[in-house]
Each structure stands twice: as structure tokens, then as C-alpha cells.
Amino acid sequence: MKHEFSSSKSNKDNGLKSIFCLVVFFFFLASPLLLYAQNAKINVSVENASLKQLFAIIERQTKYTFSYRDVEIDSKESVTLKVNKQTVATVLRDVLTSRRLQYTMVGNKILITPRQEKMIMRQETPKKRVIGKVKGTIYESDGQPLIGATIREEGTGVGTATDVNGVFSLSIDKEYTTLLISYIGKKDVRQRVKIGANVKVVLEDDVQNLKDVVVTGYQTISKERATGSFTKITTDQLEQKRYSNLSTMLEGEIAGYNASSNLIRGTTTMNGITNPLYVIDGFPIESTRYDQYGRLEESVPNLNLEDIESITVLKDAAAASIYGARAANGVVVIVTKKAKKNKISVSFSSSLTLHPYYFYKGRLASSSDMIDLEKEWASSNPNLQGANAATYAQSILDNNAYTTQGIKAILNYYAGNTTKNVSDATLANLASQGYHYYDDVAKYAKRDALYQQYNLAFGKASDQNNFMGSVSYRNNKFNDKYSKDNSIGFDLKNSLDMTSWLKFDIGTYTYFKNATNQTFNAMSPGFTYMPYDRLVNDDGSYYTSTAASRLSKSTMSIINSNGLYNMDITPLDEIGRNLNNSRDFINRVYGKLGITFAPFLKYDLMCQYEYAYDKSNTLYDKNSYYVRNMVNSYATAGMSGTVYNIPYGNIYYRENQTSKAFTFRQQLNFDRTFAEKHNVTALFGQEVRQTKLDYDNNTLYNYDPDMLSFSLVNAAILANTYGLLGGGSFGQNNIAYNRYTDDRFISFYGNAAYSYDDKYMITGSIRWDRSNLWGTNSKYQKKPIWSFGAGWNIDRESFFKVSWVNRLKLRFSYGIGGNIAKNAAPYMTASYSQNAGVNALQGYIVGRPNPNLRWEKTATTNIGVDFSLFNNRLNGTVEYYNKMGTDLLANTMGVPTEGFGYNTYMINNGKMRNRGVEMTLSGNIIHSRNFDFNATATYSYNKNKVVYVNVKAPVYYLQLDYPSAYPIVGNPYASVYAYKWAGLNNKGLPQVYDGSGQATVDDPQTLDAIVYAGTTEPLTNASLNLMLRYKSFDFSCLWVYRGGHKLRNTDLPMLSNTYNSALMGYAASFAPVNKAITNRWRQAGDELKTNVPRALFPENSDYNSNSSTIYGYADINVIDASNLRLANLSLSYCLPSQLLHKIYLSNAKLQFNVENALTIAKSKAAKYMVGGYTSPNYVWGLSFEF
Amino acid sequence: MKKNIYIYVCVALLGFTPLLSSCSGYLDNVPKGQKIPTSLTDFEALLLSEYGVLCEDVTQAVILLNDNYVSPTYLSYYPLWHANYFWDNTANRVTLNKSDESTYYVGYGAISTCNLVLENTASATNATDLQRAVVAAQARIIRAMNYFMLVNYYSKTYNASTASTDGGVPLITSAQVGASYTQPSVKGIYDFILDDIAKALPDLPDKAATILQANKATGYAFAARVYLQMSDYTNALAYANKALTINNSLFDWNAYYVQYQQTLDNPTKYQTIPSPMGYTNVENYNFRNGPSSYSTSEKTIRVDRGAKFEDGDTQFKCRWKLRTVGDQTYYYANLSGRFNYGGMTTTEVYLIKAECLARSGSVSDAMSVLNTVRKTRILASKYQDLTAATVPEAIDYIRRTKDNALILTIVPFCDNRRYNLETAYARTLTKTENGTNYSLAPDSYMWTMPFPQGAIENHGNGTITQNVDK
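Chains as they are written, first to last, in this note's numbering: chain A, 1 to 1186; chain B, 10001 to 10470.
No lab work stands behind these hints: they were computed from the structure.
One or more hints might be untrue.
Unchecked claim - Partner residues aside, some chain B positions facing chain A, computed with beta carbon under 7 angstroms: (1) A10045; (2) G10109; (3) A10208; (4) T10210; (5) V10325; (6) N10458.
Backbone N, C-alpha and C define an ideal beta-carbon position, used for all residues, glycine too.
Please take these sequences and the hints and turn them into a complete structure.
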């Protein structure tokens, strides 16, 4: 152990030293000079090649790069040419002239444009009086002057072009005007100028038209040279939606992404983290937090969503394995916007979202249905038939065994407390109430939610500096009347080119959130309600559920004789009490240093520090039921009256959580083309990462929020107190709770790619991760995570002569990704606490020793084809993958005789496979001046299969209730299991088949009676996004389909079986239930017509406590969850630019969206269970650019 | 200018390098909130885990004796409960025992922790040899108590003539993952228990740090219980006397009843009163929980079971009160808090001593010991000294008091099984419910519980043979 560690340490030191030596070495040797090939001579020999292929050949032989629009050259006839040692100019002139194209050389760039026989623009023919001129120079982004850029005065058509020095001059007739500067292959720039000005404008490359790039977070590579599976969403795609959260931004855009479970390409781990790794501007951001119970939760990171420029999702090993031990679930790389050059840009956007409150009552039995059931209870109750009926009825009333108004009205009659007429009138009145309770909830306890959002972004960039800032403010009012939040996020970043070889970036993101959460829910008010109950009485006063209506006479007498606090519940008073307030603060700051030793060798050093502080508190009001109940629970009878071991007063709960993360990375990048055809890119780096999480909460009793005073409680006594009312389990968590983690990682990684002639690519990556989570003695940490990839650009081959195929690429990759399970350790661990009863330290074994604990590994094979057809009108990708997870941390059943009968423990022996196909197809179906029609479809199919686990549910119900803890080999990991339905028997009791195939009304309680009923993870995820533009109107709709999965219907037409303390057992409970209960079995023979069980009550001899269980577990209640959703409908309008310039705007857009407009599912039950009966969001948005 | 920046950058990089290489212990840190137990204190604390080590769940034994009241809905929910409650010969309890595994799982859980402690005491740090010996001895007593409970639950009663061939329970002595075990005979298990007691006794302290840990008297008291179960009355008496020499206090139930009489005698108010049967009861040699490791209330008991208490039994009056809800009538439990169902108490040892004396023919001495106990729990107004003319009469009296005083623990079950072997004392249990008569013969196979299915199926590194067919 000792030896192992010391040797690895010296390895690490050596690694560091060698990086350092390399860095220093290159500092002094490298010459930051570039040699451009001037007047380069080329050899070309092609037959029936496209122009694109020809340009590619020239690019490879020279330092020139070509810029062109595919549409303008793709239609040109093919080239057959054989030249030796000709200059580029000669070759181009020969080839282009006949094809009505021209070229312009600027530096090492060659621009191909349609030949303009004459400049169509009217050169300075002022009709009005000229009062002055505007001069300027147009540059390329690399600082070279741009020749031939057109400059027009917006609204007049007066224009000119730049000369060989990039200079233009234009006469204007007013004091201010707006220039529209454009150039093929560059993004247009609008610039407002004053007469006499001398402007400098930089035109940025229009990335859409030039080579696409993918950003991995570690490097930016051209899409053509990539061998991995990358999917990119650009700003244009994102603009159609409201920026509500990251997962809705990805929904429907990324084939293979399931927004409902936040999974990319299925579940790859059983006990590790399942959600993808998020990377923002090169840094991984993990938003891990403790919850109140000490469990770790992962969530998506926070950022100003409007700032997102692009999102790249890395799906396979070649793409993601550079992220090492955390990459198996895929990586989401987010790049934020940068300022445009030489321009102050200010943009503002705002949206207002309305989410009306809606509760789907249609599925529930009405008041009259419930009264029917209550009458049926009475008529089928043998105790109400005989001579003892009155005594029995009074006993049930006295003990409040049933608390609903209907039953009480019936029992009062039997007990002789009321007449039959009064009882019947009460029942009739209750039956006529419809859905009174739900109507009252909607009216008094809920509201329409309103979400507001305001974003302001501003930036400026010069040749040396790029500054960008944004502010995003949100104000949300939720459906719960008292729940709301406010948040504001600031994002600032600056990039500075200190010298031609030294670049410095700094950025920071700060976020504040202030939220109030209602803790009382009128839908679960702490007492059983029926549809006929209410929240407001007829006289307008608030309805109160009195203690006497719920608690037995005996309990009431204990409360009264001991003077305990009132146990009434008035929902509308409770609703505004005990509000939870939380404040979150997040700050991230990063710095990056980039050094260019040579054009082919760069060094990056970057650091990020993240700090988050979340605090929340709840002041439990002393008037609230929560406090009254809590105080009463620990009240005991003392010698001289009642002893309140918890003093009566407000209870103050506070929670604090601090998260700190530090990332340091240094990396050497190499990119060079040898002998004109051999391109090698490589990077090598080192990363150190640390995350600390510190959580605590504490509770103060009898707290005075004004005096800040509180009472000391005797926790040791409370821990052993069992109150007068028979409750109380006071623990340490009722006083305070602490959690702390400190995760550390050191990683070394490298990545290399070689491409020949831009036709053939091979890539490889390797990464070692070491971490403290696995202790100091893990030989397994030395095994690297690696990947290999290859690509072939078929369209570049000379033999490939399909004119309608613009691009065709074949990719293959294989590699390994890892995953982490944070709650496992290689050694035996124990946890300790104080035993309050005997005041001594007690401990228990948390984890059994697991010396073979290691990273989970997921090997992914990916085969992909990328294509562009018909002048790039149709673009697509088809991919097949096979992800094989091995060494997955899987549950293994503890051996009961070894003393771990209830425990499973985790060892690296699970195997699980995900196979699938993904397809993305994007078509520019109609493209004209006024009308555009685009359609994008994604389709993915994923099949998950557990290949090996060594665990079997020790008890049947664990298989049914916790299927993921006991996966079954051959089935998908996310499965639902059920009993096989055997119909109702002739008494109307539900039956299932037991292990031997016999129908039974009892719970079979054996594993062999349990059948696989489907997977809960959709097999198919598909989407269709249609975009229609007519002039300034844009319309789009996004359909999202999930299919092939199942879910257990929990909204059943049967009264559930709950523990009834008065009856000392599990009994049918009267509570709101599914409407289909009206189709229940009522008489023999009905079993042939219905599957809805008879309403049976424990007093009836036919009653079986298992009925509700087996019905709930029956496979007829596992339903097809396939659903099609109209996830987003969007209509937007861009205001005409003439109008805008008068009000100094360059761009303005109005937008209206409907989110979750429609859900179509196979059945009403499925639609309800997948959330199809919620109301849509209506979004109004506007955005301006100045 | 350019040169200067080169130098600055070099200095900056040089600054980073030592920063990183100074992190030699960077990956050494261990997560907080948990630790690898190393010191003796770390291991000793494991024995104090009430949830993991100090629980004894004998639910089915209590149900078989019909000592507690089980509601019809429970019986319809748990077929195994129904089979034992109604002494149903047609039920196959082996296959029904799928979700009633606590007795086995909790028992072997405690044994595993004891094994772990025993494996590590020798190498545990920060301790003297004396301290190590104490912790090891206490682990042995807890382990022996669990084996005693298991062998009396899942195997036939100890019968000197057949014990060496009757199947025992799995014997595991290691806490390693994948440890092997055997299933010796009943005698084999008793030998192991006696060996553990013998090895522990010299090292047990006169006074333990907490009531959760065994002291010397606990060892003697438990030895008395084991020898009694083996019908070795001589040894049982000797150890009972040793235990009583150290502690012979009896709890005054009469006084406790008077203290809460107003609440207890109110027939309509079911207010709980604190349990006096917790950690601090004067009768405790040691404290072990029943099925739950937290504060709770007792099981309700059957009306016919209530009738078996002596008239004026204040322990009964303190613990239960008649209640009717709807169509169900039972004795409702008054006490709440903790209950020493699993530990050794003076009452039990007094009654062991009484039986041993009676068995040896000293009937009057036996009755005198019994009366000592009765005095503390029979109301003075109802109390009369009991006398017996014969040994069986004396034993019947002793047995009544013991069954009542130790109700809901393993003891009445063990005693019943033991008496069932003797024709003089064997009894058939009977009851009438809804007009049907039910009975359980003393030689019924049902007195032996089947191992739970989970243990049979996931048997680990050994095999388990059921000691009962159904």
C-alpha cells in the first residue's frame, strides 16, 4: 500500500516536471513568425472534380484557404484539369472565368464570388444635396483589409465597395445614417454613423457558411475532421423557444436525448451519476448539493440562458472520453456569446409567461359517487345489521375510525343520534356538491402562475479586446399562492490580446436568487377530505377540520384533561404560515492565459473557482398546526401537570450550504500540416479539480424572530420521550445536522488527430484520473480511459462523382468512458453518533470492505454517416452505437447468514448494454425571398439491457417496488414488474396468477409470480420541428414523441388500503379516487364485463387486505406511456428595419409561444400519468437590438 | 517589452509548479461523516448500536402462543401470521415465510457485528489488554444471546437425548464477506453458547459502562437461562444465585400502579404512561430491545390472555386496559417508551431460581422465592402467600408468574417448548374463535419455526437445512 502510493507520487511529480520543461523549452525556441507561401506553384490533376474538390486540393498544397457559398459553386460544371507548377492565380482564372465566377485574394484567403459584370450599384448619383461624406476601412477578423465589401446606405440604395486597401467613401445627405456592410462569407454589419466619420468595421466570418466547428471544451475542431458523435444546437435553433431551462432547450433538438429523464443515450449506470456532465466555456460545472436528508443531488448548472451561443452534445467515446471518469453519460458543452467586433452591441429581451392553474377533476369520482360508496359501506357492513348496530355505530363514531362526513351521517342515524330523514338529507346535500373541494382549492388556494424574464446584454470588441456582459432577471409567481422567486444573474467576460502571442481571458458569473416556498399544500391538508368538503363555509368563514372530527373521544379527553394545544386545522389559515425562504448565491470566476509559441504550438493555462452559498429558513409559526402538533407530540404528564418538553413557540429551521470548486488546467496544443497533406493536431494536458460541499442545518425552539431569542430544549430527554398522544421520535436531526464532502481529482490527458489530405482522419485520446474517493491504494486508477476514432470524407475522393451529394462522411469510433459512484469506498466504513438513551457513542457499519472498487467503464462503439445533399438543402446524420458498460457498480445481495440480509452492497460486477440508432434530418424544403420552409426531424431508438448482475430481490415486494435495486438480467434496467392479471373472481375480488399459474385473491408473494411488464425508459424519442417564414413572420412548431415505454398507473379506481390505527390494521380508506370506480363490480356476472374490483370493506367477510396490493401490482395497470406532445408553438414577427431605424433599433422581434400545447397518449390514464392534463404555458416575448 | 512578458509568464508558471507538487497528500484525505474503525472505542461503539445489534424480534413465537391480539385485517394481510395464530396444520409455513425474516436477519446481523468486533479487538488501537478483553467478552455474551434465541426459534427444543442429532442453526464466526459456516446440531450450538459464556465470564466487568453492555451479573443470569433451558437445574441454580448476589432488586409495580392509578382506572381514556421497563429499571442486568429499537408502545393482548393474569396483578393493570373499537375487543397497551424484552432481569432470575429449587424438591423455598416476586406486583389487598403441596403445583404457580411477567419475550416460548417435553407439564393450547375450536398440541411441529426463504435461497458460503417440514 505504502509502496504503491509513493511510486505514484513520484510519477505525478515527473509528469509535472516534464510539462514544465516542455513549456520552457518551447518558450525559447519557438519563433512566432509565419511564413506564407507566396506565389506558390501548384500541381493539379483532376478529372470531373467539383470546384470544391479543386479548392481543397489547392488548400492542401498552399497556405491559401477558400471562402465561398456552396450554393454558388455547387451548381457549376465539373472540372477536368492537369497542370504542373502553375501559380494559383493562373489556375483559378482559367477555371473560374468560364464558370461565371471570380476570385479575390486577400492575404492568404481566396474569396470566390459570382462574377459581377458591372457594379450594379449606383455610384454617387445624389438626387438630394450632398452634405458630407462618411469614410471607413473594412477589415477581416484577422485584421487584413477586406477588398470588395459592399457598403450601402440603408433605405436609399446608395452604395459603394471597398478598394484594395479596404477603404471606402460614401456621400450622404443627412447628419446620421445607417450603413449596411456586407461581404460574401461574412456576417452583415449594420453601423450607425455620423457625417464626417471615419469608421473601422471588422466583418466576422459567417460560421454557418464556412466550415462548421465543434467545441469539445478542450479544443475547437472542424466538423470535417471530427470522428466522434457531436450534435450542435446553434443560436438560430434556440431562438424559437423561451429560455426556461437547459433541458427544454435540448428537448427535440438532440437525437438520443430524453428531456424527461435527462439522459443521453439511455441509462449507463446503476448506482453512479446518470446525468450528463455540463461544461460551460471550457470548464466542467457540477451542481451537486445535499438535500435535507444528506443525499447528494445533481442538478443542471446555472447560467444566463440568453447568453448561450451554442450547445454541443458529445455522445460517443471519441467525443467525450477526454472528460475521463465522468464522461460515460455524455457531455453537454455550452459556449456563451462573444461581442461582435468594432461595434457596441446592446440587446434586450423580455418574456412574460402565463401558466394558468388547472386541476383535472374529470378523472375523479364526484361527491355523489363517493356518497354511493359510503352507503355501500354501510349496507355491506354486517355489524350494522344486528341488534348491536347502535353500539357498534357509536363505537366507530367515538373512535373516529372513519372520519368522512358521509359515513358519520350514516352512523349517526344507526347510533340513534339523528333521524333517518336528517341523515338522508345530509347525504343528499353532500352528494350534490360535485367537486366542491377542488373548486375551493382553485379559488382560494391557487392562482395562475406568471413568470417574467428580462435580459440585457451589452458588449464591445476591438481588435485586441472583446468585452461582453449580460444581466438576466427573473420573477416567478407560482401556482401555489405564496410561492414565488426572484433571481438575477450577471455575466461578465473579457478577452484581451495582450500581444500577438499572449492572450488573456477573464470572466465571472454571479447569481442571486430569493425564493419563498409554501410548505402547506391544500391538496394534502393533513386530514382526509372528500370532493364534497370545502375550504370556505357558507357564511364566508374559513372551514376548519376540528380535532374532534378526526380524533377519538379518548384522545380528545387526553387533549382536554392535559390542556394540550388545539389540534384543529384551518387550511386557509395554514396556507400562508410556515413559508420557506431561501437565498442562493453563486459566483464563478475564471482566468485563462493563452500563449502562442508558434502558429502550430499553443499553451493554455486556465483556472476557475466556483463558490455557492445557499441558505434557507422556515419559521414555523406557533399558531400553525405543525407547531401545535409538534409540541403536543412531546408533551408528557408530570407530577404537577403537563410537561411540554418542547416549549410552545415558533420553531425556526435554518439550513446553510456552501459549495466550493476549483479547477486548474494546463494544456499544450499542437496543430501543424506537414508536406501539405499531413495534418497533425494534438493536445496534452493536466487537470486538477476539487469540490467541497459543506452542509448544516439547525432547529431552534420557542424562537422569537424579533428578539432573536430561543429556548434550550433537553434533547437527551426528548429523544426518550414518548408523548401523551403516543407519538414522538426526537432525534439528532431535530436539533442539527452536518454533512461534508471533499472530492479531489488529478487527471492527465492527451488527444491526437492525424488527417491525410482532409480525406482520412484518425483520432485518439487517453486520460488518467486519480481521485481521493477511492482511497490511496487502487491499482485500478492506473488504467486509462481512452478512445480511438476514424473518419473518411468520401466526397473529397476524386472517384466520387455524385453531383447531388455535397458532403458525405463516414465515421467510426470506439472508446471507453467512465463514471463515478460517490457513495462507495474500498474499505470498511462505519458511521457514528451519540446514543441519547444511554449517553454513549454508537456506531454502525455503513459499507462493507470492497477492495476491488474501481471506476465504472462504458465502452462505446459509434458508427456515423454525415451527409449534405441537393446543394446542401438536405443535411443529415445517421448513427449507430453500442454502449457496453462493464464494472458497473451493481447491487449485490447481502447474505442473511453473514448478517447483511437486509442490505445490498455495491461491487463492480454489473454489465449493461445500450444499443441504438439515431438520425437527424434537416431539410431546407422551400427557400425563396419571401418564403422559407424548413423541417428538422430527429429520431432515436435505444434498447437497454442488463447483461449481468448478481442480485435477486430477497423479498417479492422489493422486486415490485424497487426494480432498479434488483435488475434482472436480460431486461432493461429501468423496468416495471407486475403480477399477471387473472380477472375478477365471482365475488368481484381482483385475482392474479401465482407462481404455479393459479389465479389467487391473495398476494402470491413469490418472485416467480412476478412478470416483466415493460421498461419505463422510452425506446423511441423523436421530434419534428417545422419552421415557416413568410417575410417577417416566423412560425414554428415542435412535436416531441416518446414511445415504447410503460408506467404503472397509480391513479386506480379502487379505494386504497391504508393503516387505520383505530381498527388496528390495514383497511380501505375513503379518499378521492378515480372516476372509473363507478364501473365497479356490483353483482355476480359483472366480472365478465369489468376489471374494476368490487368496493369491499374490512367489516365484510369477503374482504381481503391483499386486494388493493395485487390490483395495484397487476399488469393491467401497467400502461403504455407512449405519447406525442406539441411541445412548442411559436409565432414571431420581426419589425421592418425602416421603422426600426427611426427609433435607433437595429432589430426588434415580437414573439408568442405556447408550450406544452397538446398531449396525445394511448389512454386517458396514460395521458394523466405523463402529465398531459396540465395547462399549457403561454409566452409573450419581445427582443430588441440597438 | 516582449522579453519582459516572457519573464513574467515564466515566473508565473514556476509559481504554479511548486503549488501542485506540494499537493503530495492531495488525494490522501478521507471523506468525513464516516471512518474506518481502528481504535477499540470504534469497535466497542458498534456493539452499542441498538438498531443493529440490540434487538430481538420474536414476533411469530408470540403469535403462536396467542399472547398478543392480531386484528383480522392483519391476519388477512400476512398468511404466515394467520397460520401461526390459528395453529393451521394445512399451511406450509416454509413457503409462507417470505417476508417475516426479521428474527433471522436481525439475529445474524448482531452476530456479524460481534464477530467483527471479536476479530478486531486484538489489533484495535488505543487500548490496554484489559480493555480489549472486556469488549471481547461483551461481544461474546451478545453473540451467545442471539444464538440462544435463534436455536430456540428455528430448531427443536434442547433435549439431552436427541440434541446431538437434532438440526441446529447456521454457526458463523467470521465477519468476512463470503465467510463459510456450518449448521451443527442443537447440542453443537449450545456447546458454542456455553463456550462463549465460559470465555466471557472471567473478563466481564463488575460494572459495565452502559446498561447496553453486559456486566458479570448479566453473564451469570444468562448462563442460568441457558442451563435451565438444558434442564440442568444444578448449574442454573448456581448461576442464578451468583447473579442475585450481585443484583436482587425488584421493581415495585404496586407503587407504580398507585402513581398512575387515576389514568389507569379511567375506562374510557386511553392515555399512555411512561414505560418503567426502559434502560433504568432496577431489575435490569442488561438492556436489549424487542423488535423495535426506538420508543414505542407494547402489543395489545387478547382478552382470554388477560384472564390468565392473577387477580390484582398491578403489572398487568399498568400495562393493559380493556378496549372496544367497533367489533374488536382487546387489551390496549398503556405503556410507552422502551421495553427490556431482550435483556436479562432479576425477575427472570428469581423465577429460574424458584423453578430450580422446586425441581430439587425444595418446594417451600421455591414458593418463598416466587412470593418475593409476587409481592412487588400483586395488590396488597389481593395478595396472599402462595403455597404448594407438590412439585408440579409449585411449578404451575412459578410458570404462571413467569409467563405473565416475561410475556412478549422469547422466554415464555422457550419455557413452553421445554415443558412440552415433559408429560407432567405438557399443555395443549386451545381457543375458541367465532364458534370454532382451535388447538395446538405440545408435540406439534409448529413449535419450531421455519427459516425464512430469503436465508435459504441466498445461503452464501454454506447450506441451510430446514428443521421443520412445513
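Here is what the structure says about each hint:
| no. | hint | verdict |
| --- | --- | --- |
| 1 | A10045 | holds (4 angstroms) |
| 2 | G10109 | holds (5 angstroms) |
| 3 | A10208 | violated (10 angstroms) |
| 4 | T10210 | holds (4 angstroms) |
| 5 | V10325 | holds (5 angstroms) |
| 6 | N10458 | holds (5 angstroms) |
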